[in-house]
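Heads up: the sequence lines are chains A and B, in that order. Start counting the first sequence at 1; every next residue gets the next number (our numbering). Start counting the second sequence at 1; every next residue gets the next number (our numbering).
Please note that a few of the clues may not be correct.
[Said to hold, decoys possible] To give an idea of the chain B side of the interface with chain A (calculated C-beta under 7 Å), a few residues:
#, residue
1, Ala72
2, His73
3, Val76
4, Ala88
5, Phe90
6, Glu97
7, Met101
8, Ser105
[What the hints assert, rightly or not] Non-contacting residues of chain A with respect to chain B, defined by C-beta distances greater than 12 Å in every case (computed):
#, residue
9, Ser34
10, Gly95
11, Val121
12, Arg131
13, Lys160
14, Tyr164
15, Val215
16, Met225
17, Arg257
18, Asp305
Honestly, the hints are just simulated from the structure, not real lab data. Keep in mind that this is a model prediction, so the values were computed, not measured. Even for Gly, the Cβ is constructed at its ideal location relative to N, Cα and C.
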Amino acid sequence: MEATFRPWYQQGWFYAFISLFLAAVLVLTGYRLSGPVFLQQLVNGLTIGSFYALIALGYTMVYGVLKLINFAHGDLFMSGAYLGFTFLGMLIGAGLSGQLLWYLLPIFLIVMVIVAIAGVVLERTAYRPLRRAGRLAPVVSALGASIFLENAVMLIYGAKYRSYPKEVIPDVRWAIGGARLTLMQVAMLVTAFLLMAALYIFIHYTRVGTAIRAVALDHDTSRLMGINVNGIITLVFVIGPALGAAGGIMVGLYYGRIYFTLGWVYGLKAFTAAILGGIGNIPGAMVGGLLLGIIEAFATGFVSDAWKNAIAFFILILILIFRPTGLLGERVAEKL
Amino acid sequence: MALLEIENLHTYYGHVHALKGISLTVNEGEIVTLIGANGAGKTTTLRTISGLLRPREGRIVFQGEELNNVPAHEIVYRGISQAPEGRAVFTTLTTNENLSMGAYSLGGDKEAIEENRRRVFKLFPRLEERKNQIAGTLSGGEQQMLAIGRALMARPKLLMLDEPSLGLAPMLVKAIFQTIREINEQGVTILLVEQNARAALKLADKGYVLETGNIVLEGTAEELMGDERVRKAYLGER
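Go ahead and model the full structure; you've got the sequences and the hints to work with.
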């Protein structure tokens, strides 16, 4: 068929095969050496990692089209967690506490829409007026927006921990190879996977998704193609915050409690994940998020919880020394 | 009938006065070339027509409609497309995806898009061989073909080419210019910006010579080829 000149050992499928093979070897040796702990931490890590990945997508997509780190993204994610809390609370107030599970899908959709609108408003008010103002001013504006959102949520909901209703998702557990897998974890993984798969298909196989990738490469040339660049930027500020909001509700459901600095804690991790995978690269954010989650979980399981951040960031530094553009950072050099 | 009419166009980059009142006319079916040295304002002229830069003074009229205040992304819908300076292919997209972006203005009209794609592949069979290859890994000549093909995907009435010969081997320049003639024969009007004055004038019906933001000479291609100043300054004769 097509005549690509890359040799077989540089093809994508070869990389995928090698990665899968290495992953399988690691999992099997890990299981052989430490059995249940390994498996348990793998499951935990994948779950946490899928949250990081969902949030990281918002950072990486905005960076892709605007070369801007949207520091307020973590706080949009946190607002999603609080909005989910509010809606679940309203349903309980209406005496529907037994059937919360069936209302989860509409709650996810409504919260995603509200946070997406907040994202668009954020872009219009905090970033668009500064589009021609150099690179430092929008960063300051982003930090300001972050502080604004964080404090607004604190003033509305209070500074104390808030608890998500328990057992929205039934407490079903399975034992696999000595590890415990809960229905909650399965639900989280499946939801995150579906959202990411939908995004991947949209970005790679639709006209508008391809336009997002084109805008990320070159604004002016995209305009020459007839692409409304401002429209694409708005769309990115819809998709990113919507995914972040979904992640917010998922974190609330999974951990059961939320607090107003949640955005800062998770935002930093997700931002790290985006860098790890190669900022601006969408599959990179997914891989980076999952990897960071797994590294953290293993650090917790085999060393100690107190060391997990030190170990995670040490590995990040190592990876960046050898691949400064991140794991999946752009490889293709421009030719002239 | 004039397809594109530009009157007294002034464009600035900040405080730099880049175009100092240029006027030019492109008639339907013609190949018009704009020649001049580096920094003369050739690319600025194309970018102003495409709406990427706003003129401070003057008028751009295309098919009787003024384009001065039309946003850049809507101009391609009016029938003008451009293969920009330095090719500017989308490096991490495949050849096919680049072409699809060229047809962005056609919306979801799959049939028209695929027909245009076939036409482009007929003009540049090389692109079809490379259709699933990442554009950043194409050779310079292939990238130039892709830039022109991508601009053609919108089915423009006016195709603007910004230095298609830049950085290409003489053989390839010849082939590309031959294809430009073919495109013109299919009914596409062409505005060609070139430093390679000899090749451009051989191809064109009419030419303008641009120097530091002013048009200093205009005429048919034969007139310009015969003009002593052009021969000395741009065709390398003594």
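Over 12 Å from every CB of chain B: does A:Tyr164 meet that, or does the non-interface label fail?
41 Å, holds
Beyond 12 Å from chain B, beta-carbon-wise, is A:Asp305?
40 Å, holds
Holds or violated: is there a CB of chain A closer than 7 Å to the CB of B:Met101?
5 Å, holds
Interface exclusion of A:Val121 relative to chain B, criterion Cβ beyond 12 Å:
23 Å, holds
Hold the hint about B:His73 up to the distance rule: shortest CB distance to chain A must be less than 7 Å.
For B:His73, the interface hint holds, since the closest Cβ of chain A sits about 5 Å away, which is under 7 Å.
Separation of A:Arg257 from chain B, once the least beta-carbon distance is taken, above 12 Å:
Holds: least Cβ distance 41 Å, greater than 12 Å.
If we take the beta carbon of A:Arg131, is the closest beta carbon in chain B still more than 12 Å away?
A:Arg131 clear of chain B: closest Cβ-Cβ about 15 Å, beyond 12 Å.
Was A:Lys160 rightly flagged as not at the interface, with every chain B Cβ beyond 12 Å?
47 Å, holds
12 Å Cβ clearance of A:Val215 from chain B
A:Val215 is in fact no farther than 12 Å from some Cβ atom of chain B, at 10 Å.
Closest CB-CB distance from A:Gly95 to chain B, is it above 12 Å?
The claim holds: A:Gly95 sits with its nearest Cβ about 47 Å from chain B, beyond 12 Å.
Hold the hint about B:Phe90 up to the distance rule: shortest CB distance to chain A must be less than 7 Å.
5 Å, holds
Tell me if B:Ser105 is really an interface residue toward chain A, meaning its C-beta lies closer than 7 Å to one of theirs.
4 Å, holds
The structure fails hints 15 and 16 (numbered hints given earlier, in ascending order).
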